[in-house]
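First residue of the sequence shown: 908, per this note's numbering; consecutive thereafter.
Mixed in with the good hints there might be a few duds.
Computed list of lysine-lysine pairs in PhoX-like fashion (alpha-carbon distance at most 20 Å, straight line) [unchecked claim]:
1. K1107 to K966
2. K978 to K1055
3. K1067 to K1021
4. K1055 to K1073
5. K1107 to K1067
6. K978 to K1082
7. K1021 to K1135
8. K1099 to K978
9. K1073 to K1135
10. K1135 to K966
11. K1067 to K1094
12. K1066 to K1107
13. K1144 to K962
14. K1099 to K1067
15. K1107 to K993
16. K1099 to K1073
17. K1021 to K966
18. K1094 to K978
19. K1094 to K1073
20. K1050 to K1073
21. K978 to K962
22. K1066 to K1099
23. K1035 to K1135
No lab work stands behind these hints, which were simulated from the structure alone. Small disclaimer: the values here were computed from a predicted structure and weren't measured.
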Amino acid sequence: MYRLLTYISAPLKDRLSLSGLFFIANNRNHQMGREIPRSREELQEFFDESVYYLKSSAKIFDEERIIPEAKRLASAARTLLHDTAKSDSLLHQLDLLDSRFVDSAQPVIEGNTKPHAGLIQVHIGSSKVTTYPLLDCGLQTQKISFDKWWHGIVFINEKKQEFSRKDIVTFLANKEVNHVSPTVDPKFVALKSGTSMGWKKTDSSGHDQTFSDLIAVSMRQIAHEILKTFDEEYSCKVIEPGGGMWVVGLGPTMVIGQPTPDTMKPTHNLPKNRPTVSGEKVGRNEQCPCKSGLKYKRCCLLK
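Generate the whole structure from the sequences, applying the supplied hints.
So this is what it looks like as structure tokens:
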């Protein structure tokens, strides 16, 4: 409206100049708006780049224990996975969201009243306690649909607030990488600091500390699952510090010592993040939710 009034009130010779400027501006905007679709080859290049970013940041995270690399992992994962009202994820554009995703999370047991972290393991050494991603720790995994993988519960805090892989990825990518938000949901602050989980470790001075890197370590495991989903030959194990004991899952499925598939069988029915049985009782002849490969009646039902 301001431009139109300026044009009408201007002298004739100035109107001609203004007309030319309006034409150039409108034509430029029109040309800028004429976008063309990317070729599949170009999209594949972006996919390969994202996988490269995941692998390189994962390597740094593992070898140098650089916790901030989790934010780079989240940024690459968001590009690959996260659809919004205004943009499609890279996997969406490549029609790869129908892929079956590797699920390595330890099960959330129905009726569990304790905090749960399903993507991590903890090493208890003689002088310190350290959290690690599961990576390829010898436990059975399964492949599930993207939707159930993306929204599957991997954290439950003391207030019974649940967190999915999507929650972890988008929190890191949206709030701490692509945009450093001036405000943040307090439940993520508490999870990031470890205060909402209720677990503590004692440092070398005898002081209690919270587990403050749970989100970062879980993001590393999410990246591991993505890489294994699209590269069946990809493998990575934790660089073990030697000695000490291992705790897997930090919840009711806690195991002391080197974990094995047999020791990880849940003692209660129904993992919440196992979509094949979600919301229903497991039948005697159905596959056991502990992923042993046995029927329920010949596995955890016997306990």
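For each hint, the structure was consulted:
1. K1107 to K966: The given pair, whose Cα atoms are some 28 Å apart, is violated under the 20 Å limit.
2. K978 to K1055: Distance ~23 Å between K978 and K1055 Cα, so the pair is violated.
3. K1067 to K1021: 8 Å, holds
4. K1055 to K1073: 11 Å, holds
5. K1107 to K1067: With a Cα-Cα distance of about 18 Å, the restraint between K1107 and K1067 holds, given a limit of 20 Å.
6. K978 to K1082: 10 Å, holds
7. K1021 to K1135: Cα-Cα ~30 Å, so violated.
8. K1099 to K978: 13 Å, holds
9. K1073 to K1135: 18 Å, holds
10. K1135 to K966: 15 Å, holds
11. K1067 to K1094: 11 Å, holds
12. K1066 to K1107: Holds - the C-alpha atoms of K1107 and K1066 are around 17 Å apart, at most 20 Å.
13. K1144 to K962: 13 Å, holds
14. K1099 to K1067: 16 Å, holds
15. K1107 to K993: 42 Å, violated
16. K1099 to K1073: Cα-Cα ~15 Å, so holds.
17. K1021 to K966: 32 Å, violated
18. K1094 to K978: 18 Å, holds
19. K1094 to K1073: 15 Å, holds
20. K1050 to K1073: Holds. K1050 to K1073 sits at ~17 Å (cutoff 20 Å).
21. K978 to K962: Holds. K978 to K962 sits at ~13 Å (cutoff 20 Å).
22. K1066 to K1099: Cα-Cα ~15 Å, so holds.
23. K1035 to K1135: Distance of about 30 Å is beyond 20 Å: violated.
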